[in-house]
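Chains as they are written, first to last, in the numbering used here: chain A, 92 to 820; chain B, 384 to 878; chain C, 671 to 770; chain D, 14 to 189.
Just so you know, these hints were derived from the structure itself, not from any lab. Heads up, a few of these hints could be off.
[As the list claims (entries may be wrong)] Here are the computed lysine to aspartate or glutamate pairs in the DMTMM-like style, where the Cα-Cα straight-line distance is at most 20 Å:
1) A/Lys254 with B/Glu814
2) A/Lys200 with A/Glu248
3) B/Lys445 with B/Glu492
4) B/Lys822 with A/Glu299
5) A/Lys254 with B/Asp385
6) B/Lys567 with B/Asp434
[Unchecked claim] Covered by chain A, according to a simulated footprint, are these stretches of chain C (three or more residues, beta-carbon under 8 Å):
7) 684 to 693
8) 716 to 722
Virtual Cβ for every residue (Gly too), placed ideally from N, Cα, C.
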Amino acid sequence: MMTSYVLIPLLPLFSFIVVGLFQKWMRGLAHLVCVPLVFASFGMSLLAFIDVMRGGPINFDLYEWIPVGDFRPTFGIMIDQLTASMLLLVTLVSSLVHLYTVGYMHGDKGYDRFFAYISLFTFSMLALVMSNNFLQLFFGWEMVGLCSYLLIVHWYERGPATKASLKAFIQNRVGDLGFALGIFLIWVTVGSLDYGTVFAAIGEHQGETVSLLGMDVSVITMIALLLFIGAVGKSAQFLLHSWLPDAMEGPTPISALIHAATMVTAGIFMVSRCHPIFNLSPTAMTVVALTGGFTALFGATIALTQNDIKKVVAYSTMSQLGYMVMACGLGAYTAGMFHLLTHGVFKALLFLAAGSVIHALSAEQDIRRMGQARRYMPTTYWTMLWGSLALSGIFPFAGFFSKDEILWQAFNAGLLGKGLWLLGLVVAFMTAFYTFRVFFMVFYGQDNMDKEVKHHAHESPAVITIPLVVLAVGSLLVGWLGNPLFGTNYVHRFLQPVFHSSVSHVPEEHAGSLPALTATAFAGETDESGAAHEGVPMEGAPMEGAPMEGVPMEGAPMEGAPMEGAPAGMSENAGVAAGHAMAAAPHAAGAAGEHAGGHSRGLEMLLMALSLAVAAAGIYMAYLWYYRPNPAPAQLAATYQVLYQGSLNKWYWDELYDMVFVRPTMRLAHGMWRVADEIVIDKVLVDGVAITTRIGGEILKFFQTGRVQHYAMVMSLGICVIFIGFFLL
Amino acid sequence: MDHLLSWVIFIPLLGAFAALAIRDHQTVKVLALVVTVGDFILSLPLWLNFDSTVAGFQFVEKYAWIPTFNINYHLGLDGISLLLVIMTTFLAPFCVLCSWHAIADRSREFMINLMVMQTAMIGVFCALDMALFYVFWEAMLIPMYLIVGVWGGANRVYAAIKFFIYTLAGSMLLLVAMTYMFFKGGNTFDIPTLMNASFTPQAQFWLFLAMFVAFAIKVPMFPFHTWLPHAHVQAPTAGSVILASVMLKMGTYGFLRFCLPMLTDASLSMTPFILSLSVVAIVYGAYMALAQSDIKKLIAYSSVSHMGFVTIGMFVYNQLGIEGAILQMINHGITTGALFLCVGIIYDRRHTRDLAEFGGLARTMPVFATCFVIFSMSSIGLPGTNGFVGEFMVLLGAFTYDRLTGVLAATGIVLGAVYMLYLVARMIWSECSNPENQKLADLDLREFAILAPLVLVVFWIGLYPAPLLEVMHSSVLHLLDQTGGLAGAPVVAMK
Amino acid sequence: MIPLSSYLVLSAVLFFIGVVGVLMRRSIIVVLLSIELMLNAVNINFVAFSHYLESITGQVFVFFTLTVAAAEVAVGLALLIAIYRNRRTVNVEELDVMKW
Amino acid sequence: MMEAMFIYLATVCVVCAVLTVTLRQPVYNVLSLLTLFFHVAGLYVLLNAEFLAVVQIIVYAGAILVLYLFVLMLLNVRTQSRHLHRQWPFAVLILGAVGAMLVGALHSGVWGSASGESTAAAIHEIGDTQAIGLRLYTDYLLPFEVASLVLLVAMIGAIVLTKKSLIDDHIDQIKE
């Protein structure tokens with residue numbers, strides 16, 4: 092039965108193959124194949140989710156992919172709690188986007204092709220999240236990149252689409268290079284690419300170093316950083332971010348699916364998945380946290396001034412991804428994942444709603460030429476409102492819970508965390524502001540639509556609005572799963588086995604070693620970063636009023652191995668791990684106890700109120716400026732010309748990259764080809780040999796007079812020389 | 384069937400002789416197709432009956448040929464050469480098919496050349512006697528010279544002569560090395576015997592140098608690569624395919640067959656040199672490809688880059704590296720051959736290879752565009768395609784051997800994507816503005832029959848390479864044994 | 671008794687006169703004559719050695735030389751005639767088509 | 014007596030050789046070479062090679078040189094104003110030097126003494142002709158036959174080369 096979960100990725104793959112091969116004969120009927128299959132996949136994911144919730148992780152190999160000596164990576168399926176939640180998100184959003192596409196892409200020349208690609212994407216993303224080893228992760232990682240590329244370039248006849256696709260692929264490749272190097276280093280260090288083996292063994296390599304540019308760097312830090320480079324590329328973090336906004340050249344459904352809800356979150360997923368590695372390297376964690384924090388701010392500042400509706404949402408995605416990465420960097424993986432899930436829902440909603448607006452307004456994307464759209468499209472209006480509220484983090488929408496979770500974790504994470512918390516608060520304000528700037532400009536404000544466009548403006552058909560409504564409901568409800576205030580924090584409870592036992596997927600027979608390793612993960616963190624953030628996930632328990640049971644390990648391998656089980660496990664495991672565990676266990680207990688106390692809850696409430704106020708302030712400011720036409724923004728822009736232009740032009744990163752990488756590379760290539768290759772190597776060296784021979788011949792040919800007596804004379808001279816030589820020597 | 388190997392080698396030659404007797408061009412084409420397909424089918428039992436647990440040579444045939452010099456007609460296959468032979472026979476029918484209409488002039492002679500060529504190519508991979516090897520090695524040059532020189536583009540004579548003389552110059556050094564080995568290695572040209580012969584380190588150095596030049600020109604390694612763009616650009620499609628897919632492999636095969644097992648000490652001491660050149664080739668080839676506007680030239684330079692991976696893989700002395708290198712040889716043959724076939728298909732329609740002339744082919748030729756993108760992705764090394772498997776194995780092997788080499792070579796991942804996507808973007812995507820491109824016909828049945836099997840192979844090797852890897856294991860381990868069991872080679876710290 | 675070296679010296683002198691003749695004359699006829707001279711010088715050597723080393727083989731070889739000389743003359747003169755017919759000259763210097 | 018004979022013959026040979034090479038008129042060249050041949054025949058007699066002496070006169074003097082004279086007359090080549098090649102001083106100088114060295118070497122060299130079976134007495138017993146013949150038709154039969162082939166080829170070659178119509182036809186063919 093378990094093996095049948097392989098169908099989850101294979102169903103979309105099947106629809107890709109069918110539609111891909113018979114595209115020519117599909118004639119706009121591809122959805123008849125794709126939509127049912129992806130919904131079936133969603134259904135199976137639900138089953139898998141329930142299975143995991145009840146029975147713990149599923150892990151099996153399909154076949155060996157590249158069997159060479161000790162190197163035996165496999166294609167395998169692993170569904171643990173982390174994967175299961177990702178599965179739900181991916182298949183749900185994918186299903187809805189499939190449905191949405193039926194309406195949105197109706198009549199498009201590449202309708203069937205589009206379906207083929209999103210099916211392929213769904214397959215790739217599922218292969219990525221369901222992987223049980225690094226190589227398959229890399230497989231999915233690159234495949235989703237390919238799909239993203241193919242979908243961005245869907246309207247290939249538009250120049251910008253082609254350019255954007257190129258940019259996306261290449262920037263992702265740079266990240267992938269780092270990721271690949273990370274995998275190499277894992278292989279060299281641990282000698283395996285299997286998650287279980289790697290995470291179990293990585294702790295033993297804590298003391299080892301590699302030398303980088305003359306410095307000795309801890310090998311684990313190096314691995315973590317290299318892997319993180321991959322995440323930076325895929326999740327559009329700062330320095331490899333500029334492809335994401337450009338990727339909006341693709342059709343809106345894929346912006347929602349790939350560039351908001353799923354693919355771009357792969358980086359966060361990967362960091363969470365590799366948390367046993369990251370946890371061991373405080374340096375890498377700091378880098379991750381800072382990168383995430385900076386990206387959050389960076390994206391938000393740009394989003395403030397963009398005029399393209401999709402670009403605003405894209406930059407907000409970047410910013411929100413920054414939030415998640417920041418959370419991961421602070422060790423709050425659960426919070427990161429929670430935000431990932433909620434964000435997946437409400438950002439997909441926002442994109443789809445934006446797409447609905449664009450669709451209704453004859454492909455108009457500039458918000459300055461919209462306004463009063465609520466009159467034409469009430470459903471879109473309401474769903475977009477919900478999405479915006481969720482993104483802004485307004486109670487009781489999803490974004491509120493997950494964002495506050497992150498901010499709360501940050502607040503608790505030492506000095507660095509406090510700084511990032513402040514930053515997060517600023518970003519929250521900006522987020523609320525720009526989200527509602529768009530919202531008001533589109534649905535209220537001045538009616539700037541073209542007459543022609545207005546004439547055709549209409550509410551989108553049901554296939555478009557149904558996914559919107561579903562997602563809107565989702566964005567209202569999904570946050571409650573992680574609600575820290577009322578009832579159980581289901582997200583924490585569910586994900587706990589993953590982040591608390593880094594080796595939850597190790598087969599049963601190794602279960603004995605689990606507690607110790609779990610403790611190792613703890614210890615690595617608490618020792619190094621000294622922050623108490625890992626204690627947080629246990630707070631769901633105190634709420635329940637059941638302190639010790641409150642570490643409810645629903646995952647099978649952990650069953651019956653809560654805290655008191657730890658020492659027993661430890662005794663079986665000699666070595667470093669045991670020592671760390673010893674140190675960690677009391678700490679963990681202490682943390683739990685600390686959070687049971689009332690003061691932190693009060694503090695948390697306070698912070699929630701604060702961030703809610705900040706978000707509300709952002710919305711209010713947007714309301715003031717954009718609800719009705721208002722000259723204030725323009726005046727402000729004129730006053731702070733530098734800042735405004737900087738933000739509008741994305742802080743000139745595209746230009747910078749163009750100047751630093753693109754142009755020099757092309758110029759160097761051309762120059763090297765013309766000079767080094769064509770002239771130096773080919774003409775001078777290679778042809779030079781030929782030419783020298785020829786010149787030699789040209790000179791020597793004058794000795795060939797054609798007169799036999801000259802030849803005889805030269806011959807005689809030769810004899811003469813031989814004779815003289817003979818007599819002299 | 385006895386003498387299977389001889390049959391596989393010489394059936395194309397018999398076909399060529401038969402073609403001599405036929406006047407009609409069409410009949411000769413059909414004959415060539417039948418012969419090449421038949422040869423492929425005949426070569427399959429080689430794989431099916433191959434015993435992958437045996438490290439030594441199989442299907443061995445040995446007869447005295449020139450007893451005076453102890454030269455034997457000695458053939459055999461091991462895990463290293465088997466797949467190369469299969470690849471050669473597999474690609475030959477496509478070469479015939481792609482020349483079906485493209486070669487209008489003297490097509491009978493062209494087909495004869497192709498068949499003679501095939502005999503020589505398979506012979507090189509099967510020969511177990513250096514003299515026999517050398518005969519096939521040189522015999523290969525002549526039909527190739529004619530293919531480029533007679534049926535090539537505008538500047539064909541220059542390219543053909545350059546190709547011929549350049550490779551011949553290298554071969555001369557090979558001959559010298561062979562002669563030396565004959566006398567010092569116990570008056571024999573027998574390859575398995577010579578693998579056990581020991582030469583003094585100094586002799587090894589010079590022998591290695593001579594062989595290096597011969598093989599490096601063929602590979603071609605930087606900086607011996609400049610004949611390649613010329614030859615590729617001028618050669619007709621079938622010529623390019625053979626050149627890229629099979630002939631380039633001769634050089635790397637030579638390294639594997641001669642340098643590593645026979646000249647172990649020299650190989651070891653020259654490893655840093657080879658690795659540096661390979662890394663340079665990867666980066667340099669990619670940069671060169673980036674600057675090209677001629678599609679064929681771009682792919683030719685990409686070959687330089689890709690063959691850099693092969694040479695790296697061979698000289699890192701671990702199983703991953705060497706098996707990766709062999710697989711990469713196959714992959715490069717499939718992928719680059721397919722890319723050249725694609726270029727040939729559009730060249731037949733437009734009679735130009737200038738990138739600026741193209742654009743938006745996805746609109747007019749969707750099936751072609753799909754195939755082309757698939758092959759490009761394979762060339763980029765996307766997981767799931769064959770390119771990834773070989774490249775990843777090589778890089779991992781290199782990284783295990785020497786971190787710095789691994790890191791530098793890995794930059795090829797990015798650079799490869801840059802030039803290939805640039806090509807795809809200019810050719811397949813973007814606007815179909817040129818009116819000439821707007822009425823292009825998509826693939827016909829013949830062209831589809833050429834590309835479809837290659838697409839299948841791309842995915843097959845990409846997703847399930849185990850059958851290919853399986854046959855290599857014993858031979859590669861044996862080879863590593865011969866090089867002194869260097870599997871646990873020194874790991875040099877990252878600098 | 672005449673020493674062998676006298677014959678050898680004589681033969682060498684004649685031979686070199688013949689070589690000089692080949693090199694310095696412009697007429698093909700005289701060049702051919704010089705070649706005859708050289709052949710004769712060689713013959714003297716053969717016979718002298720045959721005599722002094724008491725082996726008849728030397729004389730046999732002279733016999734062969736004679737044959738070759740006769741053949742050479744026949745062909746040489748035939749060529750001469752052919753050349754003269756075509757070029758109206760027997761001057762070696764004018765026969766220089768064998769060059770670049 | 015023998016020494017006197019040798020000196021006479023050698024002197025005339027050298028003088029005739031010089032004349033052969035230097036005289037302006039081809040006929041004189043041929044005639045001086047003829048004289049040389051006679052004297053070489055004399056040398057052969059001195060060396061007990063009577064058969065060869067006769068053959069020398071018959072073949073060289075009688076056949077070869079006559080052939081030369083025929084050709085001379087047939088072509089009726091006019092005497093050239095400049096009969097020496099431009100490089101003649103070099104030729105004389107260089108070859109004179111080499112020749113002098115060689116002569117010096119030969120003269121001072123020590124040469125092997127007699128050891129063979131064909132002593133003068135042995136030859137006398139059966140006669141020179143028979144001695145050569147015996148050797149020629151036993152040990153050297155194959156070369157002898159080859160020599161005849163060479164002559165045959167030369168003969169055919171000479172005929173083909175000089176037969177005017179053949180060449181002309183060929184040239185005409187080429188021109189067409």
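Taking the hints in turn, this is what the structure says about them:
1. A/Lys254 with B/Glu814: 12 Å, holds
2. A/Lys200 with A/Glu248: Status holds; Cα separation ~12 Å.
3. B/Lys445 with B/Glu492: 32 Å, violated
4. B/Lys822 with A/Glu299: 63 Å, violated
5. A/Lys254 with B/Asp385: This hinted pair is violated, its Cα atoms lying about 58 Å apart.
6. B/Lys567 with B/Asp434: 33 Å, violated
7. 684 to 693: holds (count 3)
8. 716 to 722: As far as the segment 716 to 722 of chain C goes, the hint is violated, because 0 residues have Cβ atoms under 8 Å from chain A.
In terms of the numbered hints stated before, the structure departs from hints 3, 4, 5, 6 and 8, listed from lowest to highest.
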